[in-house]
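Chains as they are written, first to last, in the numbering used here: chain A, 1 to 279; chain B, 280 to 550.
There could be a bad hint or two in this list.
[Claimed, not checked] List time: in silico DSS-like cross-link candidates among lysine-lysine, alpha-carbon distance up to 25 Å: (1) B:K320 to A:K9; (2) B:K523 to B:K492; (3) B:K320 to B:K475; (4) B:K475 to B:K492; (5) B:K377 to A:K15; (6) B:K319 to A:K15; (7) B:K492 to A:K17.
[As the list claims (entries may be wrong)] Just a few of them, taken from the derived set where beta-carbon distance is under 7 Å, the chain B residues facing chain A: (8) D372; (9) I373; (10) I376; (11) E456; (12) A517; (13) I543.
Simulated from the structure, these hints should not be mistaken for laboratory data. Cβ atoms here follow ideal geometry from the backbone N, Cα and C, with glycine treated the same way.
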Amino acid sequence: MLDINDLEKRWLHYKIKSYIPHAIITVSLIVISTILFFIIPSEVPTEKKVTTTKVIPKQIQKKPIIKQTATTQVVTQPIIKKEKKIVPISIETNKKHALKLEPSLNFMNKMQNASQPYYNNSNAQDKHRIMITPNTDSFKKPTQKAPIVKEEVIEQEIEVVEDEEVIEPAHKISIKRRNTKDDIAEIIKRFKKNNNPALSLFVAKKYYELGDYQQSYNYALITNNINSDIEQSWIIFAKSLVKLNEKEMAIKTLKSYIKSSHSNSAQILLEEITSGKFQ
Amino acid sequence: MSSSIFTNSRDVFLDVVNHKDYVQLDRVSTIYQSLKDSIKKPLKMILLFGKPGTGKSMFLTKLYNDLSSSQIVYLYQTPILDESEFYKTLAQDIFSIKYSGELNFTQFMKIVDNSSLDTIPVVLLDEAQLYSDILMEKIRLLSDTRTIKFVITLHKTEKEDLIAKEHFQTRIWETIELENSSVAELKIYIQKKLMKANCFDTANMFTNKTVNKIYKFTNGNYRDTNKLLYALFDIYLAYEENHKLSSIGGTTQVPTKLIEMAAIHTGLINA
C-alpha cells in the first residue's frame, strides 16, 4: 500500500518548486515594470521642466498683468474722466502736437545679425502698436476689479487717454512706442526653436527695459550659458542682479567676467555699481 | 465504483510482455505488417530497433505467437551470452542435436551445412545489443548461409548504430524502427488496454487533458506510461481505502494532482 501522506507531501514540495521560476519571473517583471514606470516618466518631464520653468510659466504670469492694465483703462478711467474733462479738451487741443512719440530703436542697434530680419519685421508690425506707459502704475489697483476686456473698448480707451494726457502738463506726458509682451513671446518662441543667443539677449534686454528684472536675469543667464562671450549679456545680467538687490553677486560676477574678458564696459559698470552710481 | 475496478485497472498496466496485451494501433499495425512481410522475403536478417519502451519486445513476442502456427520460429527473449551455449541451444532447438561438450562456431557451421530443413527457421533474438561483437559477427556469418533467418532487436543508441553499421552494412536487410506514440495514439492505447480488461469506467476517466498530462511525463513511451498508470491506480486504491476519494474529486476525471503524484512515485518527476 502506498503512503499517500508522504506522497502528497512530496507532491506539495514539487508544486512549490515548480512555481518558483514563475514567481521569480513575475516578481522580476513587476520590479522591472515599476522601475521603468518611475524612471522613464521622470526622465521625460525633466526636460520639459527645464524649458517650461524658464520660459513658459513666467510669460503666462506676466501676460495677463499687462492686458489687465490696458483693460482697466477702458473700464474705469475713461468713463469717469471723459465726463469730467470734456471742456479742457476743447480748450487745449493744440497741446496734442506736444505729445512725444519716441519709438525705441535702441535694441535694433544692439541686435546681432542673426535676429535682425525678424526684428525688422516685428518693428514693421509694431508701428501700429502704441502704448501708454506712464499711467500703468496708477491702474494697478483697478486691474483686480475688472479683468475682462473687449478689443473695441481698447480702441476707445487709447483715444481717451490721449485726451486725458492733453489735459495734463505736456512735460509729464510721455507716450513711448514699445514692443509688447506678445512680441517678446514671439521672440521667445523663435529662440526656443533655434536657440540663438542673440534672441535670448534681446529678450533679456526687453525685460530689463520693462522692469522685469527677474526675467531679464533669467534670459541673460540663458544667453551666458549658450555663449559666455557676449559682453552685453553679462552687463544685463549684472544690472538685473543689482536691481534684484543682489549687488554683491553682481560685483562678483562682473569681476570674474572682467578677469577673463578685460571688458571696458563691464569695468565701467563695475565701478558704477561699487561707487553706488548705478542702483 | 468498487475497489476491484481500480485493482483490475492497475493490473492492466503491469510491465509484462504478453502478446495478449498487444494493442492494435494504426501506425503500429502497419509496422507490424511490414515486419511480417519482410520475414516472407528472402532476406538474411531483419533489424528491429528503437528506444527502450517503444514495444520491441512486445513486437517480437507478438510475431512469435503469430508465426509459430505457420512456420518454424524460435524466440530468445534473454540473450545467451556464452558463445558455446548459444550454438548448443540453437543446435538443440533447430536441429534437435544435443551437444554435451563445448560447441564452437566451426562445429556448429558443420551442423548447419549438414542440415536438411524444408523451411528456413526464423530465430528471434531480443536485446541483441547485449551480444558481444564477435558473436554478432558470427551470427552475421550464420545468416549468410541462408539456413537460418534472424530477426534481432536493438536499443537505438550510438553504440547500437555502430553495431548495425559494422556488422550488417553489407548484409541484410530490412530495418524497422519503432518510436514512441503520439498523444492520440497514447489515448487509444490506454483506453483500449482498459477496455480489453472490461474497465470501461476507468477508461472513460482518460480525457484529452488527462492524456496530455500523461504524455508530458512519459513522452509517449509505452513502458513509462504503463508504469505511470500502474502507480496512478495504486494511488486511487490507497485513497479509496482511506475513504478519501471525494477529496480528489471522485472518479469522473483523473485529477492532475494524482498524475503528478504518480509521476513522482515512478521517478518521472524529481521531487
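Go through the numbered hints given earlier and state which of them the structure violates, listing their numbers in rising order. Hints 1, 3, 5, 6, 8, 9, 10, 11 not satisfied by this model.
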